[in-house]
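A.B. asks: Here the structure of chain B is known, so what remains is to put chain A in place on it, guided by the hints.
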Amino acid sequence: MTASPSIEIIYLLSAILFVVGLKRLQSPATARAGNAIAAFAMLLAIVATVVDAEILSWTGILIGMVLGSIIGGFAARRVEMTSMPQLVGIFNGFGGAASALVAVTEFVSNPGVGVGTAGVTILLGTLIGGVTFSGSFVAFAKLQELMSGNPITFPGQNVLNALLVLLALALGTVTLGVVGALEPLTAFYVFCGISLLLGVLVVIPIGGADMPVVISLLNSYSGLAASAAGFVIGNMVLIISGALVGAAGLILTQLMCKGMNRSLANVAFGGFGGSAGVDKAQIGKRPVRRADAEAVAAELGYVNSVVIVPGYGLAVAQAQHELRKVGDLLEARGVSVKYAIHPVAGRMPGHMNVLLAEADVSYDKLLDLEEINDDFANTDAVLIVGANDVVNPAARDPKSVIAGMPILDVDKARRVIVMKRSLSPGFAGIDNDLFYLDHTLMFFGDAKSSMSDLVREVRELA
Amino acid sequence: MSQLMIGLYVFVLATLAGREIITKVPPTLHTPLMSGANAVSGIAIVGALVVAGRADGTLQTVLGVAAIAMAMINVVGGFLVTDRMLGMFRKH
Numbered sequence: 001m002t003a004s005p006s007i008e009i010i011y012l013l014s015a016i017l018f019v020v021g022l023k024r025l026q027s028p029a030t031a032r033a034g035n036a037i038a039a040f041a042m043l044l045a046i047v048a049t050v051v052d053a054e055i056l057s058w059t060g061i062l063i064g065m066v067l068g069s070i071i072g073g074f075a076a077r078r079v080e081m082t083s084m085p086q087l088v089g090i091f092n093g094f095g096g097a098a099s100a101l102v103a104v105t106e107f108v109s110n111p112g113v114g115v116g117t118a119g120v121t122i123l124l125g126t127l128i129g130g131v132t133f134s135g136s137f138v139a140f141a142k143l144q145e146l147m148s149g150n151p152i153t154f155p156g157q158n159v160l161n162a163l164l165v166l167l168a169l170a171l172g173t174v175t176l177g178v179v180g181a182l183e184p185l186t187a188f189y190v191f192c193g194i195s196l197l198l199g200v201l202v203v204i205p206i207g208g209a210d211m212p213v214v215i216s217l218l219n220s221y222s223g224l225a226a227s228a229a230g231f232v233i234g235n236m237v238l239i240i241s242g243a244l245v246g247a248a249g250l251i252l253t254q255l256m257c258k259g260m261n262r263s264l265a266n267v268a269f270g271g272f273g274g275s276a277g278v279d280k281a282q283i284g285k286r287p288v289r290r291a292d293a294e295a296v297a298a299e300l301g302y303v304n305s306v307v308i309v310p311g312y313g314l315a316v317a318q319a320q321h322e323l324r325k326v327g328d329l330l331e332a333r334g335v336s337v338k339y340a341i342h343p344v345a346g347r348m349p350g351h352m353n354v355l356l357a358e359a360d361v362s363y364d365k366l367l368d369l370e371e372i373n374d375d376f377a378n379t380d381a382v383l384i385v386g387a388n389d390v391v392n393p394a395a396r397d398p399k400s401v402i403a404g405m406p407i408l409d410v411d412k413a414r415r416v417i418v419m420k421r422s423l424s425p426g427f428a429g430i431d432n433d434l435f436y437l438d439h440t441l442m443f444f445g446d447a448k449s450s451m452s453d454l455v456r457e458v459r460e461l462a
Numbered sequence: 001m002s003q004l005m006i007g008l009y010v011f012v013l014a015t016l017a018g019r020e021i022i023t024k025v026p027p028t029l030h031t032p033l034m035s036g037a038n039a040v041s042g043i044a045i046v047g048a049l050v051v052a053g054r055a056d057g058t059l060q061t062v063l064g065v066a067a068i069a070m071a072m073i074n075v076v077g078g079f080l081v082t083d084r085m086l087g088m089f090r091k092h
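Each protein sequence line maps, in turn, to chains B and A.
The first sequence begins at 1 in my numbering and counts up by one.
The second sequence begins at 1 in my numbering and counts up by one.
Okay, chain B solo, but in the shape it has when bound:
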């Protein structure tokens, strides 16, 4: 690449600022400034590029920049916090598409690029970017419920995917002129089509509940695609930033898999929800102790410590604001209130924390699994709202289908209150022994109306 040394220095500065910005995300107190630093780094890189690059026509560039900024800005302002996974998913898709298009444009400009670094990185950038693009749109459609969230599977699916990868490899060699079976440009277009098709095919068999893993992984891919585009045009700031994002996505993917107690291969190739050997007819048949809002208010209002465990059911019912009111009222009575958040409580890593932050819960009260698990033994009462598998003590039983899954040890608290619609099983499809323990009270009902009732009852406590 022929960027002048002064421009390279600006790119270097930009790369440093990306690292500094991401580092500030290590604490909620500095995170917002960190994001602003990263945004400034991006502005720096854009200005440096525009100053340095030969620009034959400004019209298209300005149109693209203005259009993209308006769409992105509008989406960012309007999105509901519950829809964050979809938004991140679709932004990922656009990032991947941009990287792929950089590679595609380079090839179209020089179809005789041949074997070598340039050719190979163009193919890699097109493949990764293409898969990210179409895969992200399928993930978006599933999360937005534009299509069924159920896994779409058919016989020979994995064989077909493997064949497509082989075909892509073969077309790659034709594209680079190793084998002269087709015009390189024709082979390349088919290669692009296969990349897009692969993205669709690898995401459709994955169920809606596994989308957090998919979004994390596609996030990683969008970084790798940017790195590949960096190799194509010989630009270090792209390679560095892409690598940072690639690492971030990979770490979050691993954390999500760990939280769900599954391997990445297991998520990718399905085969879960296997409740084989579980007697489904027995689920919810055992007697439970029920409590109404008044009784629950009394259980929570006269103790020293309460831990609230929110699950995705809370967010679906949009009851997080009512929940925060309950928390505030209890604190006003001198009760210590904390929130225990399981890694997979929401639809993406850390999603539940954002939903509670939106409801104005102070972030120092949001504790993750490792921080809170030892405290349950000293907790007077636990209030579980719309969570199931993540509090199922069966995870400690080596014979259970969820054996080894990290769970919140809520059963160790002196009193357990479960707010839930019914005794129906969670995603794992198994019964939850927690509901039948002697010190567990079931508070049945819709999360929103139950929570409103609870707000009223706590307020009326003496």
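No lab work stands behind these hints: they were computed from the structure.
A virtual CB, placed ideally from N, CA and C, is assigned to each residue, including glycine.
Keep in mind that a hint or two might mislead.
Across the chosen pairs, the derived CB separations fall in these ranges [unchecked claim]:
1. A:Glu-20 to B:Phe-444: 18 to 26 Å
2. B:Tyr-302 to A:Glu-20: 46 to 54 Å
3. B:Lys-258 to A:Glu-20: 17 to 25 Å
4. B:Leu-43 to A:Arg-54: 17 to 25 Å
5. B:Lys-412 to A:Met-5: 49 to 57 Å
6. A:Met-5 to B:Glu-183: 29 to 37 Å
7. B:Glu-331 to A:Glu-20: 36 to 44 Å
8. B:Glu-370 to A:Glu-20: 29 to 37 Å
C.D. replies: Using the frame of chain B, we list chain A on its own:
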């Protein structure tokens, strides 16, 4: 050393640095981390500007401009939504 090898060194070291930084991000910030990292991957805008700037055919121009628009959605949307989320994290 070839351009490719330099690039590979940079890529591997940046990945390791990213790993060190990002493992220390607390779970409570994982969603803003993901959307912020996502915005950073919009760095493809630099590549898009380079290829669109030197595009000399209609096809190249169209592809380049499309790349710019999509990268800008990623950049502007990503940073703004991350800022919006982080603004909600308050301690009181």
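A.B. asks: Against this structure, judge whether each hint is valid.
C.D. replies: Each hint tested on the structure:
A:Glu-20 and B:Phe-444 have their C-beta atoms about 47 Å apart, which leaves the hinted 18 to 26 Å range violated. For the pair B:Tyr-302 and A:Glu-20, the supplied restraint of 46 to 54 Å holds, since their beta-carbon distance comes to about 47 Å. Distance hint check for B:Lys-258 and A:Glu-20: the Cβ-Cβ separation is about 19 Å, which falls inside the suggested range of 17 to 25 Å. A beta carbon spacing of about 22 Å between B:Leu-43 and A:Arg-54 agrees with the range 17 to 25 Å that was offered as a hint.
Between B:Lys-412 and A:Met-5 the CB atoms are about 55 Å apart, so this pair conforms to the stated range of 49 to 57 Å. Between A:Met-5 and B:Glu-183 the Cβ separation comes to about 32 Å, which falls inside the hinted range of 29 to 37 Å. At about 37 Å, the CB distance of B:Glu-331 to A:Glu-20 agrees with the hint of 36 to 44 Å. For the pair B:Glu-370 and A:Glu-20, the supplied restraint of 29 to 37 Å is violated, since their beta-carbon distance comes to about 19 Å.
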